[in-house]
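Number of protein chains: 2
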Amino acid sequence: LVSILGLSGVVHADEGMWTFDNFPSATVKQRYGFAPSPPWLERMRLASIRLAQGCSGSFVSPEGLVMTNHHCAHACIEQLSTRERDFVATGFWAKTAAEEVKCPTLEVNQLIAITDVSARVTGATQGLSGGQFYEAQKGAMAQIEKECATGEDVRCDVVTLYHGGRYDLYKYRRFQDVRLAFAPEFAIAFFGGDPDNFSFPRYDLDVSFLRVYQDGKPARLGEYLPLSPKGPSAGELVFVAGNPGGTSRLTPLSQLEEARRSELPNRLFYLSELRGILEQFQTESAERRRISTALLFSVENSMKALKGRREALEDPAFWAQLARREQTLRRAVDADPELKKACGNAWDAYAQAVERFRPMRDRYRMLETGRGFLSELFRFARGLLRMADERPKANEKRLREYADSNLPALRQMLLSTAPLYPELEITSLTFSLTQLRRTLGADDPFVRRVLGARSPRELATALVTGSQLREVALRRSLLEGGKAAVDASADPMIAFARAIDPEAREVRQRFEKEVEGPQRQASEQVAKAQFKVYGTSTYPDATFSPRLSFGTVKGWREGDRDIAPFTTLAGAFERHTGRDPFALPASWLKAKPKLELSTPLDFVATNDIIGGNSGSPVIDRHGQAVGLVFDGNIHSLAGDYGFDERDNRMVAVDSAALYEALEKIYGAERIVRELERGAAAAKATSDHSPF
Amino acid sequence: LVSILGLSGVVHADEGMWTFDNFPSATVKQRYGFAPSPPWLERMRLASIRLAQGCSGSFVSPEGLVMTNHHCAHACIEQLSTRERDFVATGFWAKTAAEEVKCPTLEVNQLIAITDVSARVTGATQGLSGGQFYEAQKGAMAQIEKECATGEDVRCDVVTLYHGGRYDLYKYRRFQDVRLAFAPEFAIAFFGGDPDNFSFPRYDLDVSFLRVYQDGKPARLGEYLPLSPKGPSAGELVFVAGNPGGTSRLTPLSQLEEARRSELPNRLFYLSELRGILEQFQTESAERRRISTALLFSVENSMKALKGRREALEDPAFWAQLARREQTLRRAVDADPELKKACGNAWDAYAQAVERFRPMRDRYRMLETGRGFLSELFRFARGLLRMADERPKANEKRLREYADSNLPALRQMLLSTAPLYPELEITSLTFSLTQLRRTLGADDPFVRRVLGARSPRELATALVTGSQLREVALRRSLLEGGKAAVDASADPMIAFARAIDPEAREVRQRFEKEVEGPQRQASEQVAKAQFKVYGTSTYPDATFSPRLSFGTVKGWREGDRDIAPFTTLAGAFERHTGRDPFALPASWLKAKPKLELSTPLDFVATNDIIGGNSGSPVIDRHGQAVGLVFDGNIHSLAGDYGFDERDNRMVAVDSAALYEALEKIYGAERIVRELERGAAAAKATSDHSPF
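Keeping their order, the protein sequence lines are chains A and B. Residues 1 to 691 in the numbering used here are what the first sequence lists, from first letter to last. Residues 1 to 691 in the numbering used here are what the second sequence lists, from first letter to last.
Just so you know, the hints here were simulated from the structure itself, not pulled from any lab data. Glycine included, C-beta positions come from ideal geometry on N, C-alpha and C. Don't take every hint at face value.
Among chain A residues calculated to face chain B with C-beta under 7 Å, some are [claimed, not checked]:
id: 1; residue: ARG261
id: 2; residue: ALA442
id: 3; residue: SER455
Given these sequences and hints, build the entire structure.
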């Protein structure tokens, strides 16, 4: 009953994270009597945004106001806080436009055009394999992106869809001046904390409002979503526009087996220990709690998601379905001589690459993905070092993330003004160096060279306290000074990054040549087979690029209980114990008498979403935002591999609760009036519009 | 090539943790030209001991001197330490007999008789099933043990061998007055720390000497092992007498699958987080480090062992062998109509019990096995409460661990004088209550009743700071006062244990009836089938009861390298970096000029051991101790499921290093002379003995 994409070529029920240029309007029409038109789809695409750091959002006024989750802006809110003024605890509210404050590391992307570049990308790799395949593909993508990116305010990404069945160029308008306008207290944004995370019923007001600026002024926008004063009704058709981060519904079984057996549990062991360290770190002082909450939240959130995925893959019935999906396709390929010749070997080739990854896995993860060096200062140091080494190279020869099209994002990261906390840096770096030693072994020559006679803590302390990279000015001078400046730097973190770079690059190169290249090539073949056997009227796995899903507001049956689709403000007060994480903020307790307690607070719907969709608008057929996605229920975690409409639910804040809280709890007049003006203007327009 | 017991009925190579009354002397004779005689075996049995808390050891003088590992006495050494005198850091050395100090919680067992009681145990369960089977078997065992245990100095355990193929009554002499005589510094006992744990080459002096007392005087013993001044040679035949804790070589596949899929990863998630908490706790002060080192060590040690087991079960080739073992036996059973009728259903019945366990698993683990309440004070409270409730019942009706035969051990635990550290108690209890809430859910009625409005930390703090159970006198009065006294107690930890006991007992009872009873019954049938098909000339899975294994001192081939079987004192100095965990203690650095650096320090041998064998003597054919087992290599971790002579190795301290260190580094004259006298006396005897 679980829908596993590709099993029959039929997409079931409300399944699918559809690209905007291949949306199944006919299916929606058939099920719900409403067919999104091309102009409607274009408006939704332009009104919804991506937060480049890993979230979604929407424009909700013509003056650049962005609605997203609190947890998507949590890092910013923490970065703007100080020991004395903790906006995570107190919330943030800019009474005037002038009080809106710039977030040090946020970037907003608005998708303005999609172009199919498949022919050019696949043409570049004709007849190549392994490392050459990888290099040629990377070069072609970098070239296409460079041609497209005409300025800093344009971001161009070649997106690999259907695991290589199609390559599309996504052109975004890029905003890097993103300011914080409003955020409630963490206590209500994440009411219920980790215990309630990925569950429902739920009582969270997980919202924040940002604003994109251009040339120092609020950006003027053509399209936005009016925020409806009334949320959706039970049974109503709703859409979600957003950027699901990644799914594995078309991934070869050999890779999923590796995930089940090694990748997922090992990441969970790593994160569990880090969680323990941070939990204890938090008890040591209020300030330590303050500076580590965002990191702990992200660790806990990842853990819960990864556990759900692990458990889905460990379910024998679920696994059998995944296996059947692959067998069915492979049998169809084997039955067609021509297809067999072209693609028959792809699964084995893929599996061999998975095998080749195994002996280099730990080293690759530790040295190159950052698991061995968990430190912001190290990220700066490696970024500056590699920027200096890569920039002089031809664009298409660089490491993928140093291509021209990505430089604005890198520059933003490297010049971030976010505060750095040496105690937390030392703690996380000590932890990860300990993991490095434990994973590769104390006698590994690399480990010996890194640590020498020092303990992980000694080394971490020396690097963090010795480095001056927390100074933005120093980073700027190294960035601008290029290779000469970086080579001349004696900053200990730079020196450290320099010392380990040859080995990190070497394992990465080996990975690209022996694992990633062959896998990308095999994936293309599998995708071709898939298209040939099942046709193209399906959706690609999620890739953190804009998608649209459809569904209905609807509860589900859990064991012998029916879970209703809505909660109310009253429920939040009932759940309040006064103790973290079930303590409502003082503002709520104070405002209680004024509130309409029957106002819907959160709701669930059947739309197919996944991590990355956080902050997505829930949209009704009139193109109004009626809710704000912030989570999925526990069953949604299996959604990485397959969609089950029976119990997979997204969780959203109701737009009625947003108005009620902004107005009566926070007195956020300025935002409320702006939202109301936007809604009224849109209504005036829509009275004359075809939808 | 891995030998998986039961596959063919043939035991391969040096495999086997043999019972003393079924030792394969003929096989050893055939392989090594030496057949241990019955008197030789009896002497080894009497000279080797069990530490009831989970280790092994040996008598090494006629005056009750016990040799075991430092890590087996670590808890005692920590308990005897104070903030001012930290024997874990400095080592401990009783210059005179009067300075030997009693360990608060150690118990030594010497196996004096084995009796087959299979007929009586299986007779008691004829025609019963489920909960009745469990109750009848428990009752029969309690009765047999009670009849045997004639005093506090006798301990009697009915041991389930071959998963119910045989029930033996093991009668032990029990010593509860166990004193610490010598321990080196932790830094050399556990040189290399967690990074080197379960690895080789190795440079540890993981030894301690205890002494058993009787009536306040050193116990006089008939049998002991002379400690040889010279360790073994490469290629030499050696024996290991000890108490392997548990293996799963005959365990049905359904249980192993559950272990692979759920039990092992979930324990590892739990332990990883606890490890993180303790690692951070350790950084907070020297005193916090001191009081938490033993716990952290035990967590890390468990984790490494569990990871090794998980990885073995995740190895597809290894798993295929396990599956083949079971299929082969089941096919043989199905081919024999009579056997099929008697045992054919056993595997399915077992698997069904595994299935029934799944929905109660989390609750059982959290409420009853202590994972939800990690606290010494809680252990006291539950022990006192249940002691009061159980003691008035007939012996055979009690919870298994409250049977008369176990009361001395319980009493020792409940009246322990070991210090308690409130900060550590609060930390571990907070952690486990958080796990309880996370695992069962914040809305679980039990969780709600336990926590109420309180956070885990608030509850833990209230219980730990409010309880007076750290006072031995109070515990004694509650223990002696029985039910009336416990009922009258308003101690918050007692009240807490009382409040949750009905639900803990209920899930336990359900577990015994629906899971453990059916599994014990099915296991008996599998064992019968095994005996019928393969005969009885094999060894049972480990059960933390005395066993003897044989093997040879021998390195192994690791990838493309040969690992030599010995390390030397010189190697320890080479590995010294001066930083924990690679910092040799000052005593070693000072004594270096005096030392014969070519003295062998540690060695490996092919003997089949597992956790619980720590502290076991390595014995040569002359019955001398030539080494001291303290670990296994990384490949030994797969030994839980099968033995592979190619690379499974135990790791031991060489007896030559023990003499060299005691004499030249520690100047432990008194112990050295005692050991030498013992060795000389034994030599005098053996000159006239048959072996």
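Here is what the structure says about each hint:
Using the Cβ-Cβ criterion of 7 Å, the hint placing ARG261/A at the interface with chain B is satisfied: the shortest such distance is roughly 5 Å. Contact between ALA442/A and chain B, as hinted, is supported at the beta carbon level, the nearest pair being about 4 Å apart and thus within 7 Å. For SER455/A, the suggested interface contact is upheld, since its CB lies about 5 Å from the closest CB of chain B, less than 7 Å.
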